[in-house]
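*Asks:* Start from the sequences, fold in the hints, and give me the full structure.
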Amino acid sequence: MKSAVTTVLTVADAASRFPSISDIEAVKGSLDRASARMEAAEKLAAGIDKVTTDAVDAVYGKGSYEQTNKDKCARDIHHYLRLINYCLVTGGTGPLDEWGIAGMREVIRVQLLPTAAYVEAFTHIRDRVCVPRDMSPQAAAEFKSLLDYLINALA
Amino acid sequence: MLDAFSRAVVSADAKGAPIGTEDLANLRKYVADANKRIDATLAITQNVSCIAADAVAGMVCENTGMTQPGGNCYPTRRMAACLRDGEIILRYVSYALLAGDSSVLDDRCLNGLKETYQALGVPLSNAIRAVEIMKIATVAIMTETNTGRKMFEGINSGSGAQCKEIAAEAASYFDRVITALS
Chain A
1 MKSAVTTVLT
11 VADAASRFPS
21 ISDIEAVKGS
31 LDRASARMEA
41 AEKLAAGIDK
51 VTTDAVDAVY
61 GKGSYEQTNK
71 DKCARDIHHY
81 LRLINYCLVT
91 GGTGPLDEWG
101 IAGMREVIRV
111 QLLPTAAYVE
121 AFTHIRDRVC
131 VPRDMSPQAA
141 AEFKSLLDYL
151 INALA
Chain B
1 MLDAFSRAVV
11 SADAKGAPIG
21 TEDLANLRKY
31 VADANKRIDA
41 TLAITQNVSC
51 IAADAVAGMV
61 CENTGMTQPG
71 GNCYPTRRMA
81 ACLRDGEIIL
91 RYVSYALLAG
101 DSSVLDDRCL
111 NGLKETYQAL
121 GVPLSNAIRA
131 VEIMKIATVA
141 IMTETNTGRK
151 MFEGINSGSG
161 AQCKEIAAEA
171 ASYFDRVITA
181 LS
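Listed in order, the protein sequences are those of chains A and B. Note that my numbering has the first sequence beginning at 1, numbered continuously upward. Note that my numbering has the second sequence beginning at 1, numbered continuously upward.
Hints in this document: simulated from the structure, not taken from any laboratory. Just so you know, not all the hints are guaranteed correct.
[Claimed, not checked] Pulled a few chain A residues facing chain B out of the computed Cβ check, cut under 8 Å: (1) 1; (2) 6; (3) 13; (4) 24; (5) 42; (6) 44; (7) 46; (8) 90; (9) 94.
[Claimed, not checked] Straight-line C-alpha distance at most 25 Å; calculated DSS-like pairs for lysine-lysine: (10) A:28 to B:164; (11) A:50 to A:144; (12) A:72 to B:15; (13) A:28 to B:29; (14) B:29 to A:2.
For clarity, every value in this text was computed on a predicted model and none was experimentally measured. Cβ atoms here follow ideal geometry from the backbone N, Cα and C, with glycine treated the same way.
*Replies:* See below:
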């Protein structure tokens, strides 16, 4: 699992050397941002159901749709938000890459689903993040950059 | 390879739940103690050859037959292999300590180590003794309870007494090595 620390250690191990001062500085640098990331992860975990419902409602609008379809959409959005929560904790895009994005295109295409709907949902979530009501500016920046990463992968 | 953060992610994923306040408490502690952890890692990296050489020398002193013809550390080529292995184990312990998780040590160093040593005819009891001495020396250097001068320069000017908890964690990684070889 790729994270700030494991990336550094993988490189050090490939060269079979001990962690150097620059390795340690790199770890320290990523940990300096950790409190903002953890704040975002905590707030997201607390409001994940509300955020999901909100996004699904925004995508479907007022029209009448089958509830089962809406539920499946909500399930997927919840899944991606959970992976973003994990990415916020590890400080890298490892969880999204390994569990969310790898193979995603193929699965979505084979089910004839429109990725545009997901893009719209995550764009809606990104634009709705309110500073400082929801989280601090640094935490919001970390959260939004991961949402952008996911939107780019879906687009 | 996992660290404290990705370990939390893997166990949360098994439950299918996001990581909430409870799980974050441990990780916040990791972040709060990061400076001590870095100093403790430096205590190892700055004294690698000293720790490994002392451990192997200690092991040989307790079993002087090892450097005699027919012993496992005779000729010097085999003694050198022994020193090299001591440094490799220390290296993986330092990775595990920095990561705050033992998976790198387990996967890349300990998995199959006992079988390898058995196949090569390395006496396990002596290897275990060398690891024990490395553990004692490392903890003493980290906590500044060694006799003589202070043996490492931390970048955070932390004193060794503050590294006690982290030193206990380092000792637990050495214990994993000993368990793997037993």
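*Asks:* For each hint, tell me whether it holds in the structure or not.
*Replies:* Going through the hints against the structure:
no. : hint          : result
1   : 1             : 4 Å, holds
2   : 6             : 5 Å, holds
3   : 13            : 7 Å, holds
4   : 24            : 5 Å, holds
5   : 42            : 6 Å, holds
6   : 44            : 7 Å, holds
7   : 46            : 7 Å, holds
8   : 90            : 5 Å, holds
9   : 94            : 7 Å, holds
10  : A:28 to B:164 : 20 Å, holds
11  : A:50 to A:144 : 17 Å, holds
12  : A:72 to B:15  : 19 Å, holds
13  : A:28 to B:29  : 14 Å, holds
14  : B:29 to A:2   : 21 Å, holds
Violated hints: none; the structure is consistent with every hint.
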